[in-house]
Structures are given as structure tokens and as C-alpha cells.
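Undergrad: Take the sequences, apply the hints, and build the full model.
Residue numbers (my numbering), protein chains in the order written: chain A, 6 to 385; chain B, 549 to 863.
Hint data in this document are derived by calculation from the structure and do not stem from the laboratory.
Note that CB positions come from ideal geometry on N, CA and C, so glycine has one too.
There's no promise every hint is true.
Mimicking DSSO-like on lysine-lysine, the simulated pairs with C-alpha atoms at most 27 angstroms apart in a straight line are [to be verified]:
(1) A:K85 - B:K856
(2) A:K286 - B:K578
(3) B:K856 - B:K775
(4) A:K216 - B:K578
(5) A:K216 - B:K761
(6) A:K272 - A:K305
(7) B:K570 - A:K286
(8) A:K335 - A:K172
(9) B:K672 - B:K775
(10) A:K272 - B:K580
(11) A:K216 - A:K172
Here are some chain A residues the structure puts well away from chain B; computed CB gaps all over 10 angstroms [what the hints assert, rightly or not]:
(12) F176
(13) K305
(14) Y374
Take a look, some chain A residues computed to stay more than 10 angstroms from chain B by CB distance [claimed, not checked]:
(15) E219
(16) E283
(17) I301
(18) S306
(19) S339
(20) A358
One-letter residues, chain by chain:
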Amino acid sequence: MDKDNKDTRSDDEIIATKFVRRSDKNVSMKATSDLQERRLQAQMARRKVFVSSEKFSSIFDSMTQEEKNAYFDKERRRAKGVLRRRTIGRNIWTGVGVVIASIAAIIAILPLFFTFLNSFMTSAEINDNYGMVFQSLSGHSDSAAKYLSSTPVLKLIPEQVTIEQYKTLMFMSPTYLLKFWNSIILVVPIVIGQMLVACLAAYSFSRYRRKRREILFFSYIILMLMPFQVTLVPNYIVAEKLGILDSIWAIILPGVFSTFSVFLLAKYMRQIPSSYIEAAKLDGASEWQIFTRIAIPMCKSALYAMSILLFIDYWNMVEQPLVLLTSVDKQPLSVFLSQVNEAEIGIAFAASALYMIPPILIFLYGEEYLVEGISRSGIK
Amino acid sequence: MDKEAINNNLKPHIRKATAAEKRRAHNIRKIKEWGTFTAYLTPSFVGVLVFFFVPLLMLLKISFQKSSVNTDFAGITNYLRVLTNDAFISASKNTLTFALLAVPLAVILAMLLALLLNSGLPGKSLFRSILLNPMTVPVASIVLIWQVFFSYNGVLNGLLGDLFGLKSTDWLKSDYAQVVILLLFIWKNLGYNMVLFLAALGNIPTEVIESAKMDGASALKRFFSIKLYYLNSTIFFVGIMSLINSFKIFREVYLLTGDYPYENLYMLQHFMNNAFTHLDYSKLSAGAIVMCVVMIGILGVLFFVESKTDSSVEE
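TA: See below:
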């Protein structure tokens with residue numbers, strides 16, 4: 006290649022022409038062009054380029070440097086504007102989202118606040134505020150409903166903060182405490198018993214998977230999904246046959262054998278890697294050892310979650326005591342709370358607040374486990 | 549003599565097991581395994597048998613008897629008696645109406661909230677805790693507040709009267725009674741459903757969403773084409789749980805309004821409870837069997853639909 010020719014071309018053009026077939030150009034330099042051609046092809050093959058292309062020309066080629074700068078400045082400003090608008094838009098959406106979520110959260114939490122704050126009012130104040138509400142109720146009261154024209158005042162903050170209601174509740178009226186105690190002796194044995202039974206059953210279901218067992222497991226699931234309307238009648242019949250009707254065992258025993266936690270724990274235990282169990286087996290562990298040393302520790306969070314869920318569920322129960330416990334003094338507080346009469350509205354607020362404290366404390370303590378337990382129950 | 553024969557005769561401890569012996573050992577191992585795991589299952593199984601399965605069979609028997617004293621075969625008269633009973637019909641109608649209202653609403657609202665919380669909102673876990681809180685609160689504690697709001701002399705009437713000059717109504721004894729209960733139901737179940745949806749949303753692979761974003765799919769398009777596909781089984785699960793919970797709504801209704809509520813709040817459980825107090829066993833058991841069959845039917849349809857629609861999502 007001659008030097009004069011090369012000097013006149015710009016760098017861009019040299020690069021561009023490298024990839025253009027030039028067989029028509031180099032008629033006079035046939036000897037060198039052959040070599041060049043082959044070199045070029047080898048180079049392109051090295052770069053894995055097999056199709057050469059025409060030179061790319063853009064609108065910038067015709068621009069001077071100033072024009073280019075002006076163009077780029079304009080573009081930069083435009084891009085900034087777009088970005089800013091986008092950020093503002095996103096912020097607005099986030100704000101709207103936060104507002105919506107906050108409204109939902111306030112609605113969710115408001116009843117709790119009401120109950121708690123109102124329980125610190127004096128009973129006179131509560132009567133002033135809500136007395137007329139309870140005169141218009143006819144659900145449980147004996148007298149007919151009185152429709153008044155006045156409506157209550159919603160008050161969040163008590164005029165005078167007292168713990169008078171709680172004092173009355175604790176020391177003056179034994180019925181409420183008795184009902185509270187009834188709730189405890191119903192719920193705690195159910196939770197403990199069901200956990201024990203369910204752990205064993207879930208381990209069996211997760212380790213021994215044959216066709217008939219799977220059918221049994223499926224029937225457990227169906228049983229779990231059955232509403233009270235179906236299961237209460239069988240419970241009643243059995244309780245009558247066993248002679249435990251109207252005793253706490255009529256509620257505790259069916260509760261212990263309820264299948265909900267079997268289902269959830271089996272789901273957890275099936276996720277234990279089989280290599281763990283095989284390793285333990287090779288080391289000579291018995292099934293009991295595998296159960297206590299591997300299965301239980303690996304499901305610890307599920308066990309916590311289950312106990313919390315069960316506690317919340319059974320603390321809330323109304324149907325079973327209503328049907329199975331005929332004598333009023335054995336019923337838990339949840340049933341009794343709906344039957345407060347007018348004279349005891351103040352104390353009812355305190356009792357309501359007291360009744361929701363244990364589950365809320367447990368919730369605050371084990372929220373992580375609870376969320377994990379719920380989440381995992383939904384995933385296949 | 550070949551080597552194996554010598555071994556069999558002289559060193560019995562290292563001889564190879566015959567096929568029969570192998571089979572026997574295998575059977576013993578199988579039986580042992582069965583025994584162990586059945587032993588683990590026994591407490592639960594016996595309990596479930598005694599307290600649920602056997603009584604259900606007894607129920608089936610009772611439902612065909614004339615009465616608990618007269619054990620003659622009565623054919624389907626009990627069922628006819630239940631199915632033509634006005635109280636039963638209206639109770640099941642109310643329960644079904646409530647379920648049809650409550651389940652879709654609970655599912656959709658929970659899904660929207662979960663999507664909202666999942667869209668990079670600040671304070672996600674705080675909102676989650678607060679929204680989950682109502683689930684833990686016993687209904688009995690909330691009944692008072694609900695009455696303060698919705699009774700005739702309640703806050704809502706006061707507000708409506710002040711703002712719009714509306715006439716007071718007793719909400720729990722009006723045609724809107726189910727709406728009041730619906731509010732309570734959603735208030736209580738929204739958090740639980742939302743946590744389920746949040747878990748499912750967290751399980752969607754981020755690459756899929758990211759690449760859809762890169763390809764310029766709008767938020768709506770991303771939701772309908774990608775997220776909905778992954779949420780399929782969760783929607784099903786949440787739907788079932790909401791259905792079950794909507795059958796439990798008797799608790800709230802009972803605590804708010806007692807044994808005999810306004811007619812459109814008369815739920816199946818009311819019917820059952822009142823039958824308990826009259827000790828009409830044959831009617832009761834026929835009703836329970838009808839409920840059981842209907843439930844199994846609904847669940848069967850749901851499971852069938854689910855297995856048809858999302859066999860591809862499961863692992």
C-alpha cells in the first residue's frame with residue numbers, strides 16, 4: 006500500500022474500509038491486494054466477523070463541534086426532565102400507597118385503641134357516652150329495645166384516667182375472673198395436647214408415605230376444612246355417649262384431636278432433606294432419635310407458629326362452649342362478654358381489654374413465627 | 549464343589565441369602581416400618597376415629613332413624629323434613645349469600661393490599677403487623693365497639709344524621725345487616741389473607757418481573773400476565789380459607805345479635821344451635837349430613853378446578 010494514499014484518509018475511514026470488500030478498488034496493486042485480502046479475512050475470522058458491512062453514517066457526521074455540543078446539552082436537559090418527572094410520579098404513587106395503607110392500618114387498629122382507652126374511663130363517663138347505645142340493643146337483653154334520638158359521643162381520650170374498672174374487675178366481681186380462668190383451662194390443655202398428638206402424627210405422615218396413608222391424610226385435610234356446623238354434632242353425640250357432656254373434657258378432647266396442626270406440621274416435616282435422615286440412619290439412630298433430634302428441632306419455628314395460631318383460634322371459640330357446655334358457670338369469657346347488661350358497660354370494656362391482652366402479647370412476642378407459619382401454610 | 553457351595557456349607561455366616569430368605573427379610577423390615585410409623589400415628593388416629601369419623605357414621609345412621617328413641621328405618625323422611633324446613637332453607641340461603649359476598653371481596657382486597665405493600669412501600673413490615681393484628685383479637689372483645697358503632701343509637705347513625713341528615717336505622721336489623729357483618733369479617737380476615745399473598749408474591753422469581761420491565765410491560769400487564777399466573781394456587785388456597793372462615797361467621801353474628809337475629813343474619817349454625825336446644829337429633833343429623841355432603845361437593849369442585857388450572861405451577 007502506498008503512503009500518499011494512506012495519509013489522505015482519516016482514521017475512521019481506515020477502520021471502515023477494513024471491513025469493506027475492495028476487490029474493485031485495487032486493480033493496480035493486484036500483488037499486494039491479494040495478500041491484504043487474505044490478511045483481512047483472517048483477521049475477520051479471528052474476530053468471528055464473517056459478514057462485512059457498509060460504513061455507518063449518522064447525522065453527527067454533518068455537524069460541527071458546536072452543533073454537536075448544543076445537541077447533547079439539549080438531550081441532557083430533556084433526559085433530566087424526564088427522570089425528574091418520573092421520580093415525582095413515583096413519589097406521588099408511593100404517597101398515595103402509603104395513605105391507602107395507613108387508612109387500612111388505622112381501621113384495623115382503631116377498635117383495639119377504642120377498647121383499651123375506654124377501659125380507662127370512669128364508669129360514669131362510659132355511661133354518659135355509651136349508655137344509650139346499650140339501651141337500643143335487643144340481642145341479649147330482656148327488656149325491649151328503646152330507640153332514643155341521641156347518639157353517643159366518640160371519645161378516644163378519657164377525661165379522667167383511672168384504673169377503677171380494672172380494680173372492680175379484679176377484686177369486686179368474681180364472675181369475670183372465673184370466666185377468664187375458664188378460658189385458660191380450656192385453651193392451654195388443647196394447645197399442649199394437640200401439639201403433642203400432632204407432632205407424632207405429622208412425623209408418621211411425613212416419613213411413611215404409602216397409598217393408603219395418603220388417602221388417610223387427605224381425609225384429615227377434608228376434616229380440617231369441615232365447618233363447625235358439621236363437626237359439632239358428632240362431637241355432641243360422642244360427648245353424650247362418653248358422659249362428658251357439660252364438662253370441659255367435651256371441648257378439650259375433640260380439640261386435642263383436631264387435624265389442622267397435623268396437616269401444617271406434616272407439610273413442614275416433608276421439607277426436611279432426606280439426606281439428614283439417611284445420615285442419621287447410617288449412624289444407627291432409631292426412629293425415636295430421628296424424631297426427637299432431627300424432626301422436632303428442624304420444625305421449631307413451625308411448632309411456635311402452630312401454638313400461637315391454635316391459642317388465638319381457641320381463645321376466640323364461641324360455638325363449642327355454647328353447644329357443649331350447658332351450665333353457664335363453665336363457659337369461657339368469650340361467650341360471656343356478649344351478655345353484659347347495661348349496668349356493667351364500664352366493666353365490660355375493661356374485661357374486653359383484659360381478654361384481648363394474652364393473644365396480643367403472644368402475637369407481639371411471636372409475630373415472626375406467626376407470619377412464617379401462615380406464609381408456609383399457603384405454599385405447596 | 550464350587551466356591552459358593554463350600555461357603556454355604558462351611559461358613560454359613562457369609563453365605564449368600566436365597567431369594568426366599570431375602571423376601572422374608574424384606575417383609576419383616578416392611579412390617580417393622582409399618583409398625584413404627586403406625587405407632588406414631590396411633591394417638592391421633594384413635595382420637596380422630598373416636599371423635600370424628602365414627603360419630604359421623606353414627607350420624608348417618610341416626611339420620612335414617614325415625615327419632616333417637618324409635619330406631620325404625622325412616623328412609624329419607626328426615627332429609628325431606630330438613631330440606632323443606634323454612635328455617636333451614638333461609639339459613640342456608642343466608643350462609644351462601646354471605647359466602648358469595650365475602651369470599652371474593654376478602655380475596656381481592658387482600659390481594660390488592662398485598663400488591664400495594666409489595667410495591668416497595670416504606671414501612672412494609674409495620675403495616676403488615678398492624679394489619680395482621682385484628683386476626684389475633686378475640687371477636688368477643690370487639691363486639692362492644694361494633695355495637696357502639698352500628699346500633700340504633702350508635703355512632704354511625706349519629707354521623708350520618710349530622711352530615712347528611714339521614715334518618716337513623718338499626719343497622720343490625722335492616723337489610724344492610726349482612727354488610728355490617730361483612731365489614732367485621734373483612735376486618736378480621738384481611739391480614740391473614742394478605743400475609744398469604746405477600747408470601748406468594750415474595751416467591752415470584754424477580755428475574756421474570758425484571759425482564760418484563762425491561763421489555764416495557766406496564767404494571768397492569770405485568771400483573772395480569774405474570775403475577776396472576778404465579779398467584780394462582782394462592783388465590784385458590786385463600787379462597788378456601790375464606791370460605792371456611794365465612795362459615796364461621798356465626799360467631800360474630802351470635803355475639804352481636806344473640807340466638808334469634810334479624811332474618812337475613814340467620815345462619816346455618818343458628819339453625820343447628822336451635823335444633824340442639826330442641827334436641828331434635830334426627831333433624832339435626834340429617835342437616836349435618838347435608839352440610840357435610842355439600843361441603844365435600846364444594847371442596848371437590850374446587851380441588852378439581854385447581855388441579856386443572858395450575859398443574860404447571862406446582863413443582
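Undergrad: All hints, please: hold or fail.
TA: Results of checking the hints against the structure:
no. : hint            : in the structure
1   : A:K85 - B:K856  : 50 angstroms, violated
2   : A:K286 - B:K578 : 16 angstroms, holds
3   : B:K856 - B:K775 : 19 angstroms, holds
4   : A:K216 - B:K578 : 14 angstroms, holds
5   : A:K216 - B:K761 : 45 angstroms, violated
6   : A:K272 - A:K305 : 13 angstroms, holds
7   : B:K570 - A:K286 : 21 angstroms, holds
8   : A:K335 - A:K172 : 23 angstroms, holds
9   : B:K672 - B:K775 : 19 angstroms, holds
10  : A:K272 - B:K580 : 24 angstroms, holds
11  : A:K216 - A:K172 : 60 angstroms, violated
12  : F176            : 21 angstroms, holds
13  : K305            : 19 angstroms, holds
14  : Y374            : 12 angstroms, holds
15  : E219            : 13 angstroms, holds
16  : E283            : 14 angstroms, holds
17  : I301            : 12 angstroms, holds
18  : S306            : 14 angstroms, holds
19  : S339            : 4 angstroms, violated
20  : A358            : 7 angstroms, violated
Violation of the numbered hints given earlier is confined to hints 1, 5, 11, 19, 20; the remaining hints are satisfied by the structure.
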